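Asks: Put chain B on the given structure of chain A with help from the hints.
Protein chains: 2
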Amino acid sequence: MSATKNRRITLAARPSGLPKPSDWKADSVDTRAPDAGEVLVKVLYLSVDPAMRRWISEAPPAYIPPIALGEPMRAGGIGVVVESNDPAFAPGEHVFGWLDVQEYATLAAATLEKVDATSAPLTTRLNVLGAPGMTAYFGLLEVGRPKAGETVVVSGAAGAVGMTAGQIAKIYGCRVVGIAGGSEKCRFIREDLGFDAAIDYKAGTLDQDLRSHCPEGIDVYFDNVGGATLDACLARLALHARVVICGAISQYNATTAASGPKNYLALLSRRASMQGMLVFDYRDRFAEAAPFLAAWIAEGKLKSVEHIVEGGVAAFPEALLLLFNGGNVGKLLLRIAEA
Amino acid sequence: MSATKNRRITLAARPSGLPKPSDWKADSVDTRAPDAGEVLVKVLYLSVDPAMRRWISEAPPAYIPPIALGEPMRAGGIGVVVESNDPAFAPGEHVFGWLDVQEYATLAAATLEKVDATSAPLTTRLNVLGAPGMTAYFGLLEVGRPKAGETVVVSGAAGAVGMTAGQIAKIYGCRVVGIAGGSEKCRFIREDLGFDAAIDYKAGTLDQDLRSHCPEGIDVYFDNVGGATLDACLARLALHARVVICGAISQYNATTAASGPKNYLALLSRRASMQGMLVFDYRDRFAEAAPFLAAWIAEGKLKSVEHIVEGGVAAFPEALLLLFNGGNVGKLLLRIAEA
Numbered sequence: 001m002s003a004t005k006n007r008r009i010t011l012a013a014r015p016s017g018l019p020k021p022s023d024w025k026a027d028s029v030d031t032r033a034p035d036a037g038e039v040l041v042k043v044l045y046l047s048v049d050p051a052m053r054r055w056i057s058e059a060p061p062a063y064i065p066p067i068a069l070g071e072p073m074r075a076g077g078i079g080v081v082v083e084s085n086d087p088a089f090a091p092g093e094h095v096f097g098w099l100d101v102q103e104y105a106t107l108a109a110a111t112l113e114k115v116d117a118t119s120a121p122l123t124t125r126l127n128v129l130g131a132p133g134m135t136a137y138f139g140l141l142e143v144g145r146p147k148a149g150e151t152v153v154v155s156g157a158a159g160a161v162g163m164t165a166g167q168i169a170k171i172y173g174c175r176v177v178g179i180a181g182g183s184e185k186c187r188f189i190r191e192d193l194g195f196d197a198a199i200d201y202k203a204g205t206l207d208q209d210l211r212s213h214c215p216e217g218i219d220v221y222f223d224n225v226g227g228a229t230l231d232a233c234l235a236r237l238a239l240h241a242r243v244v245i246c247g248a249i250s251q252y253n254a255t256t257a258a259s260g261p262k263n264y265l266a267l268l269s270r271r272a273s274m275q276g277m278l279v280f281d282y283r284d285r286f287a288e289a290a291p292f293l294a295a296w297i298a299e300g301k302l303k304s305v306e307h308i309v310e311g312g313v314a315a316f317p318e319a320l321l322l323l324f325n326g327g328n329v330g331k332l333l334l335r336i337a338e339a
Numbered sequence: 001m002s003a004t005k006n007r008r009i010t011l012a013a014r015p016s017g018l019p020k021p022s023d024w025k026a027d028s029v030d031t032r033a034p035d036a037g038e039v040l041v042k043v044l045y046l047s048v049d050p051a052m053r054r055w056i057s058e059a060p061p062a063y064i065p066p067i068a069l070g071e072p073m074r075a076g077g078i079g080v081v082v083e084s085n086d087p088a089f090a091p092g093e094h095v096f097g098w099l100d101v102q103e104y105a106t107l108a109a110a111t112l113e114k115v116d117a118t119s120a121p122l123t124t125r126l127n128v129l130g131a132p133g134m135t136a137y138f139g140l141l142e143v144g145r146p147k148a149g150e151t152v153v154v155s156g157a158a159g160a161v162g163m164t165a166g167q168i169a170k171i172y173g174c175r176v177v178g179i180a181g182g183s184e185k186c187r188f189i190r191e192d193l194g195f196d197a198a199i200d201y202k203a204g205t206l207d208q209d210l211r212s213h214c215p216e217g218i219d220v221y222f223d224n225v226g227g228a229t230l231d232a233c234l235a236r237l238a239l240h241a242r243v244v245i246c247g248a249i250s251q252y253n254a255t256t257a258a259s260g261p262k263n264y265l266a267l268l269s270r271r272a273s274m275q276g277m278l279v280f281d282y283r284d285r286f287a288e289a290a291p292f293l294a295a296w297i298a299e300g301k302l303k304s305v306e307h308i309v310e311g312g313v314a315a316f317p318e319a320l321l322l323l324f325n326g327g328n329v330g331k332l333l334l335r336i337a338e339a
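Chains as they are written, first to last, in our numbering: chain A, 1 to 339; chain B, 1 to 339.
Be careful, since some hints might not be right.
As the list claims (entries may be wrong) - Simulated restraints, written as ranges between beta carbons of each label pair: (1) A:P61 x B:A228: 16 to 24 Å; (2) B:N325 x A:T255: 32 to 40 Å; (3) B:R283 x A:G149: 21 to 29 Å; (4) B:R145 x A:E318: 26 to 34 Å; (5) B:K147 x A:D35: 51 to 59 Å; (6) A:H240 x B:K147: 23 to 31 Å; (7) A:T255 x B:R283: 43 to 51 Å; (8) B:K147 x A:P65: 23 to 31 Å; (9) A:T255 x B:A59: 39 to 47 Å; (10) B:E299 x A:A68: 50 to 58 Å; (11) B:D284 x A:K20: 30 to 38 Å.
Claimed, not checked - Partial chain B-side listing against chain A, Cβ under 10 Å, derived: (12) P66; (13) I67; (14) L69; (15) V82; (16) F89; (17) T106; (18) L107; (19) L141; (20) G226; (21) S259; (22) K262; (23) N263; (24) R270; (25) M274; (26) Q275.
Calculated from the structure, these hints are not laboratory results.
What you are looking at is a predicted structure, and each value in this text was computed from that prediction instead of being measured.
Note that beta-carbon positions come from the ideal geometry of N, C-alpha and C, so glycine has one too.
With the rest of the complex left out, here is chain A (with noise of 0.2 Å):
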């Protein structure tokens, strides 16, 4: 019996600024059949990230391993189990895992888990019942512990963490301000997600509508992005303000170093804590945060939407991109086969 081929896209050279076709490398193998332990997925969805940016940089963050030039991009995801050298998997099971980009997957059966793909779409899994819930879910409420009146300010509000962590702040009571790029995906979070106020960073008065948004100051920020709008929130917090560092987005694709918050010195005059955070950590406690997602979901107070970029594997290049031109509301993922 041949193979069945397995196209992918392998990492060709380092981006410098943002990655250009060539950075990368449509190749086609063989599916490599599942030693004893091992498992072939079928890849169904991948999850395309900001934090992938940092992963394929000269200096990779110190919590993941590099990716090599050659490999295929890492990429975690959701598929299908075709054939299986382990006892604790069937055929037909659904796992999550990093799979990577590519269409078929042969990798041990330790390394993933089950997905119950009957009591929510596949997509919500990789979503509000996944990484992104659960890094807004623990960076909202360990980190940035808002108590119900108090004003929380979310960066990225538009993007898979953000959106999820105003729409937690305000089951919590808080009053919450998203930042977002342009007045469409101002409108989103706003009328549909029921966030009080939505600034839009494009529109240059940044500085000005926090002010006149957050009167009292911000007594949690949740940044995504970074930069310019991390200084601008930095002078406006509340004493005892908590800032939690969940990403940097606009910093990620910087061909000089990044621009380090020269507000940061109201950390001192606020007494206030800036605090990073990777979900990684939590990974213990996600048992404990699925219950309460899951009844905001189904109660409507918590919206999963997700950006389903359809055109498989080949398409993984232009849909990373899609993340650093504002061009995705909500969970980024790439379909690669029919679920």
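Replies: Structure of chain B alone, referenced to chain A:
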């Protein structure tokens, strides 16, 4: 009876960069007899602090009222009551308060605290048993939260707060690395104060020195200086590190926007926190710290080192500059009159 003359230093202009002689004006006014509830104090010692530079800037920090042009320069200090119109104070008693840069202060008794001049030198009351000691104690222990065996790095380590924070970290069983300017300061904190290692930032090898002295990374960074030193330490943070933002002396005379810590994303990859602290917030807890600090002094574990400038109020403008040109070791005090 003719009033005693009171020589003062007032703020003549808002400095650009380092304060110049013309930014100050010396004058002499009559002392004012105390009204009901007031006390006339003869000033003995004034505390000369890096934060003074921020208080006289165009945009002073929000935690303290600005100093208007023509007003005497604000300064904390210790004096002796010469005339009292309040039952709580009697002539001859020593007091601490905002005495300002002048020889005599007439001010509300309610703003003063009595100082015990018998159990410790007055100068120690302005150092380890005063605001610098309390800053180091609460900043290190409450915000830095060091554990025995951890690596604590302190910048401005030959200054009043830095040397006290470092010595307390030693008492708590940490490995302590101090950063200071020049080989003599480095020798002093290592040999006389017992730091495990000292780094001379003027040697130009800060990154390498941090690598060799902190092979496991920095668990607590107590920052008094900001700028390039903060960035270098951020790049060496250990997982879950705590950065205490106590000051940023390198930035206080900047004529352009303060430089932000471009390595702040280390907070994300190391899941670290950076938190500002102001000693005023711990005022209600000074009585909790004082017995520990006094006991450590008595046991010889904690040295209170003062750098006393003579010359009275006229010497204030030059004394202030010592803080910014590295001219002091220990707490900088200005002697106004003999105790």
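Asks: With 10 Å as the cut and Cβ atoms as the points, is F89 of chain B at the interface with chain A?
Replies: violated, 32 Å
Asks: Let me know if the C-beta of L69 of chain B comes in closer than 10 Å to any C-beta of chain A, holds or violated.
Replies: violated, 22 Å
Asks: Take the shortest C-beta to C-beta distance between R270 of chain B and chain A; is it under 10 Å?
Replies: With a closest approach of 7 Å, the R270 of chain B hint holds.
Asks: So, as I understand it, the hint says Q275 of chain B touches chain A; can you test that by seeing if any CB pair is closer than 10 Å?
Replies: The hint holds - Q275 of chain B has a Cβ within 10 Å of chain A, the shortest such distance being about 4 Å.
Asks: Would the hint on K262 of chain B be counted as holding, given a Cβ-Cβ threshold of 10 Å to chain A?
Replies: Since the shortest Cβ distance to chain A is 4 Å, the answer is holds.
Asks: Between the beta carbons of T255 of chain A and R283 of chain B, is the distance compatible with 43 to 51 Å?
Replies: Taking Cβ atoms as reference, T255 of chain A and R283 of chain B lie about 48 Å apart, which means the hint holds.
Asks: At a threshold of 10 Å, is the proposed contact between I67 of chain B and chain A supported by beta-carbon distances?
Replies: violated, 16 Å
Asks: Closer than 10 Å between Cβ atoms is the bar; does L107 of chain B clear it against chain A? Give me holds or violated.
Replies: Given a least distance of 25 Å, the restraint on L107 of chain B is violated.
Asks: So the hint says 30 to 38 Å: do the beta-carbon atoms of D284 of chain B and K20 of chain A match that?
Replies: Cβ of D284 of chain B to Cβ of K20 of chain A: about 59 Å, so the range 30 to 38 Å is violated.
Asks: Could you tell me whether the CB distance from R145 of chain B to E318 of chain A stays inside 26 to 34 Å?
Replies: Roughly 46 Å apart at Cβ, these two residues miss the hinted range, so it is violated.
Asks: The hint says 21 to 29 Å between R283 of chain B and G149 of chain A; measuring C-beta to C-beta, is that right?
Replies: About 27 Å separates the Cβ atoms of R283 of chain B and G149 of chain A, which means 21 to 29 Å holds.
Asks: Answer holds if the nearest beta-carbon of chain A is closer than 10 Å to that of S259 of chain B; otherwise answer violated.
Replies: holds, 6 Å
Consistency note: the structure conflicts with the earlier hints numbered 4, 5, 9, 11, 12, 13, 14, 15, 16, 17, 18 and 19.
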